[in-house]
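Asks: Chains as they are written, first to last, in our numbering: chain L, 1 to 413; chain B, 1 to 413; chain X, 1 to 413; chain W, 1 to 413.
A portion of the hints provided could be inaccurate.
[Claimed, not checked] Just the calculated beta-carbon pair ranges, DEER-fashion: (1) X/SER202 / B/ASP379: 36 to 42 Å; (2) W/GLN62 / X/HIS73: 57 to 63 Å; (3) B/GLU290 / W/GLN62: 44 to 50 Å; (4) B/GLY288 / W/GLN62: 38 to 44 Å; (5) X/GLU401 / W/GLU84: 36 to 42 Å; (6) W/ASP190 / B/PRO141: 45 to 51 Å; (7) B/ALA385 / X/PRO167: 39 to 45 Å.
I should point out that these hints are in silico values taken from the structure, not numbers from a laboratory. Remember, it's a predicted structure, so these values are computed and weren't measured experimentally. Quick reminder that beta carbons are idealized off the backbone N, C-alpha and C, glycines included.
There are 4 protein chains.
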Amino acid sequence: MSYFADLISTVFERRYARAVSSDAQGRTITELSRDLLGARGEVSGSTLAHLILRQYSSGDDQHRQAFFAFMMHDLEIDPVDVVESLKIYKETPSKSSYSEFVRASEPKRQELLRRLNQVPGGTQHLVSMRKDLLRMMRDVPTLEPLDVDFQHLFTSWFNRGFLVLRPIDWSSPAEILEKIIAYEAVHAIDSWDDLRRRLQPSDRRCFGFFHPAIPDDPLIFVEVALTRGIPSSIQTLLADGRDPIEEEEADTAVFYSISNCQDGLAGISFGNSLIKQVVADLSRDLSGLETFVTLSPVPGLKRWLDKETQPLLQSSTAIEVSVAHYLLEAKRADGLPVDPVARFHLGNGASIHAVHADADLSEKGLQQSRGAMVNYIYDLSRITANHEHFVTDKAVAASPEVHALAACHPSKN
Amino acid sequence: MSYFADLISTVFERRYARAVSSDAQGRTITELSRDLLGARGEVSGSTLAHLILRQYSSGDDQHRQAFFAFMMHDLEIDPVDVVESLKIYKETPSKSSYSEFVRASEPKRQELLRRLNQVPGGTQHLVSMRKDLLRMMRDVPTLEPLDVDFQHLFTSWFNRGFLVLRPIDWSSPAEILEKIIAYEAVHAIDSWDDLRRRLQPSDRRCFGFFHPAIPDDPLIFVEVALTRGIPSSIQTLLADGRDPIEEEEADTAVFYSISNCQDGLAGISFGNSLIKQVVADLSRDLSGLETFVTLSPVPGLKRWLDKETQPLLQSSTAIEVSVAHYLLEAKRADGLPVDPVARFHLGNGASIHAVHADADLSEKGLQQSRGAMVNYIYDLSRITANHEHFVTDKAVAASPEVHALAACHPSKN
Amino acid sequence: MSYFADLISTVFERRYARAVSSDAQGRTITELSRDLLGARGEVSGSTLAHLILRQYSSGDDQHRQAFFAFMMHDLEIDPVDVVESLKIYKETPSKSSYSEFVRASEPKRQELLRRLNQVPGGTQHLVSMRKDLLRMMRDVPTLEPLDVDFQHLFTSWFNRGFLVLRPIDWSSPAEILEKIIAYEAVHAIDSWDDLRRRLQPSDRRCFGFFHPAIPDDPLIFVEVALTRGIPSSIQTLLADGRDPIEEEEADTAVFYSISNCQDGLAGISFGNSLIKQVVADLSRDLSGLETFVTLSPVPGLKRWLDKETQPLLQSSTAIEVSVAHYLLEAKRADGLPVDPVARFHLGNGASIHAVHADADLSEKGLQQSRGAMVNYIYDLSRITANHEHFVTDKAVAASPEVHALAACHPSKN
Amino acid sequence: MSYFADLISTVFERRYARAVSSDAQGRTITELSRDLLGARGEVSGSTLAHLILRQYSSGDDQHRQAFFAFMMHDLEIDPVDVVESLKIYKETPSKSSYSEFVRASEPKRQELLRRLNQVPGGTQHLVSMRKDLLRMMRDVPTLEPLDVDFQHLFTSWFNRGFLVLRPIDWSSPAEILEKIIAYEAVHAIDSWDDLRRRLQPSDRRCFGFFHPAIPDDPLIFVEVALTRGIPSSIQTLLADGRDPIEEEEADTAVFYSISNCQDGLAGISFGNSLIKQVVADLSRDLSGLETFVTLSPVPGLKRWLDKETQPLLQSSTAIEVSVAHYLLEAKRADGLPVDPVARFHLGNGASIHAVHADADLSEKGLQQSRGAMVNYIYDLSRITANHEHFVTDKAVAASPEVHALAACHPSKN
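Please work from the sequences and hints to get the whole structure.
Replies: Right under this line is the structure:
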């Protein structure tokens, strides 16, 4: 009951909803969905959408899965209808024949999702719904096509043009900051004091993308350190007692953590836009910045090394050689790098600038990346070319130093 | 040049755009569009979108029409591809086979429009683009299917859940207020002083829907008067020297003007949601309000009377009888009322409460509506039922008084 | 150096300040103060004020005390001048003779403080400065008159009309919330989670007074619980796992903690205005509220009981009798209650509604108040009369129940 | 009645005020003022202040003057008390003896004004009150000392540190913009279109100082044009069809109009701070700006020329010679320039850069200034020195060109 109260914000709406609700008494979620898609939906849409989302939220996994199955199978396209309407459109192209084809070729579940979205707060509920779907799909692969529809709508709704870049700092609302603590995926934030150390000093920045319909929950955020020179260790960068520098003294902006926040938006890509927008904003505000670079983990390294038969080399140099070799040579079946972080930054048009051993001595760093980290550099005059070579020729852009390191790898001899 | 400067807001972006632009030198709008849809679009999308919108804006009608033709014909669906992918999907339903079908059945121009939308300010440009299209379609009907795609995307983007209701008053930005003056479509606003009389008194309100990506331009707005009792004359309601009442004294909220603002959003309906949301907000803030009613023109009356062979009746009563008869009996081929304002409010679930002669003595009022006006009443406990009867049975809800008036019409004897 | 950088916000000002600073090279804080009071102060006032505040801040206690002594003695009134100018004014009253008297009777240190206040951030520095003064005055009573000047100016600057009441909730900036944690003086807040429990539930509120020149630091704040009925135990009110009620269900607003935030504003009273303003705002927003009441400690109880020779009574009733007796009978030399919290609320026009034993079982509660707490009730129709009786006749307003309890006190027999 | 309703914003306060008001029934403004200064004022201060301001506002000039006389005479200092308390303080300096002196030497009317200021909106009422006083003082000079008290309080309340500089542009609220139209004192703004031409183009700026307690009414504002080179004609600068330049192309910022807005703040100086703050902000945002200069009228020229016996010279050169001579040589009894605009800018540390004939061909320009205008230049590295020479030696800073022009004046031969 309190969930519904949350959804409906005014006394008035509550009274109005009660009227419609009594009509809706005893109707199932699928009946309500058909109402929402029908004539009643035009006038009482927002109340019906409330009721559906309420039933969905209060239901258990079994009910939710049944709702997904309903959308998948009952609100599916009719192939005969598609082919017929296509034929008519091609024979006599017109506004109405094309409308018929568009209607026929799009499953009604997309319209249902659009109508559920008209409730205030609806967008966030749909993002949660997809999170459920992604989980259930693993066991029920017949639901997978439904995710295509979610993804199709989300790509349109979470269009870059609708997103807002906002700085996140120590004057941001606590309800946003607690989410930063919860969502930080790369280098965990232990406490509010730890968070403050990431946000408050003069040489720290954080930026997030927000969607206007979900104003108090970031979609993705990046943490930035302003430094003199390019850093080679995350522990040094985040050291507790370190002396901050003045922002004007910095010549380098280091993106040391990028976290996606919404599981329900998996596969909707924001990272590329985020980094470029942050580079643009920082350049404008801090004219001393010359270099934009990441300090990134090598999350696939350990697993890959485990499969290699090379003897375990312990020296720092040996590790750096391994990392360079791994980044440049370890490829998937499709020819792209095995390392997911490398794929992300190289796909954005960045290039591999340097590799560092003993750069992340945390448990997670040692375990995943054998303590190594990588600087990917964003040189805006070259990202378009880099990106195109990467996509077309699978070419990996890297500095001569990284190439030289990789050349020392035993496999080259 | 200054147009482009407007689009690109930061020095940095300008520098970056220059790099891409020189690559783009001499490329046509269609080549740029293919780039945007291709690999380059993933990284340089926002700059390419800038360039395309710039070329579009600086082009004349001939160029614009050519761009529409390109979208219509070159970015059209491939029927073979649709049928093939549908067949495969039906035989072996899976995420990838369904994705293929979705890709094939949606023309690439929709993806192009989505990618153009990622530029800041892109949404507004696309709305203007559709305005051009609607105009050109009259002469070039082969372009009409393209409008189906625009409409499809706009319905998704201008979803009720994304719109923001904002009060518009004398403390609103001048750049918004000048648009209210320009857009007011029902009872023209002559000057800033006239505008102030509609916004500043304690018994006046105005509300508009805004989209977050077009923050300084309303999509639709409604002007409201707070009154004691239901008014029967617009000139009295807007009289220059009238004495405002205190807001707490009002028992009635009168919606006396609703204006759609964006030609490029024709057919995307907001009015229904707007009125209901405003009723909700006013109810919450002013507990004395009991009645929510319009004071509306009868724009189809004159034309309809001209076609009737009845002798011209001059008395007020005769006109009220005519109006009641017209609203209840004059129907289109589809069985819905001839009068567009009646269709709108009845379609929202309102009912005809009263008709008034000598209610709008302005030139336009006399000419279109023979001076008559109508109160449509929004009774929230009945709008769902009214709406469903209207949609299902074409039933027109009206008060006994209006029925009684219509019964006096000569045609009934 | 970084302190100064904080004070001066723009590159420009920094450059400009450098010019003036080089002039100011080697000048002492007292010389700079004389500059600021002289002709140079009219044009370079803000830079001179910066320099003075910088020297003050970077100085140690000895320097600060010397600066206070300078203000006290060198910027003192000249009695001859006062008497002379008064004589002239009385003989020939005029604008200029009165101006001369006003000038003569006000020590120049007040003008110095006003000019220091023109720097952005100056107000906060002056509040800190007074905090230092209050501390040093204990050892150097000759500085005490200087505090009269601070207090005189602060009373004018922190006038109720300039203060802004702002709700403080879980969407407030972290930099404000961390101050709430730090400043809470009555029932300590242990952690951010504890803070969230005070702010986020639907039946909790917090409000603070802010001054526009110190926008991110509250002057005073009050924590409120919305309840059904009047509570008798703070531990129950703040219990960890309790179920919040909906705000509309509440009939009572409980002020359970009021904290002054700025030591440097000691003696500048905001509490009375704050409570009344919060009562007004809550009444407007939540029409179900009927009772406004505190749940307050009895901080003077323990010390007073220690001085009494009565045998130690352990029962709850015995304690309540003691508390009632103490509140109604224990008076200072001036006839006002001994208990400071009682003086505050009774002085605001509240009355003693009830006393509760076993109401605060925290260590502090047991120690100071022997576990007892008091409800003071704010009945707005009676606060003016209550206040006047309290001020004029030292009359303590209390409910019959409290009077009855007090009548049971052994001393009455 | 509606005036009072404006002052009291919430239903709650209205109800509460009614209680106090009935007590206050029939009490005169002077009785209420004594209540406000007494015990009742501590708790019911804000309501009493409301009532006093209401009586004041609804009264006519005779009542207002009586209230001023009451403040002047009944709330006057007691000279015996001043001398006594001074004597005691000097004999036994202490906090309490000094407090007594401060209390005695400040007339109670200052405390009354401070207490009137605690009402929301009170500050604006007091500013209006002083406007009345300034007008009445002309006929009743015995009220003049009262203005010293107003000025004393306003200087403290409108301290630079409390003021907020805000850009005023086409996105500012209409209620502020209509005040800009009303207040523009130098080059009248004819209409909203004319206003838009001053605010909207890329090469125009406007900034105002606001006080937080009067948020929608500027205290002073300055209009700025961004140009290439220093302009010599106001009509050219404001020409209707002119082509705006891009803001980055500008090398000069021209202050072409400064208007004080509040008659009731006469003599409280903001202009100096405003110009310097605007120079600082523009420098930071537009790094291309090198010169900050005014284009100012010569309002005293006509009157001064009329008194001269020189033959009327008509050529442009002759007028420029006259202006240069006038600015450099025409002095008041106190040795400062006759021209008030010259006194203002030279007093701020600016210097006379150039004089132009045929620079303001408006009726007002021709009439007051014989069509001439002046550029005063703000060179921040020299304003402190300029100001000090001006104050100490009455030295007028001017360029060699202006000196050369003045040397051509017939009186020099």
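Asks: Enumerate the violated hints, using their earlier numbering and listing them in ascending order.
Replies: Hint check: 1, 2, 5 fail, others pass.
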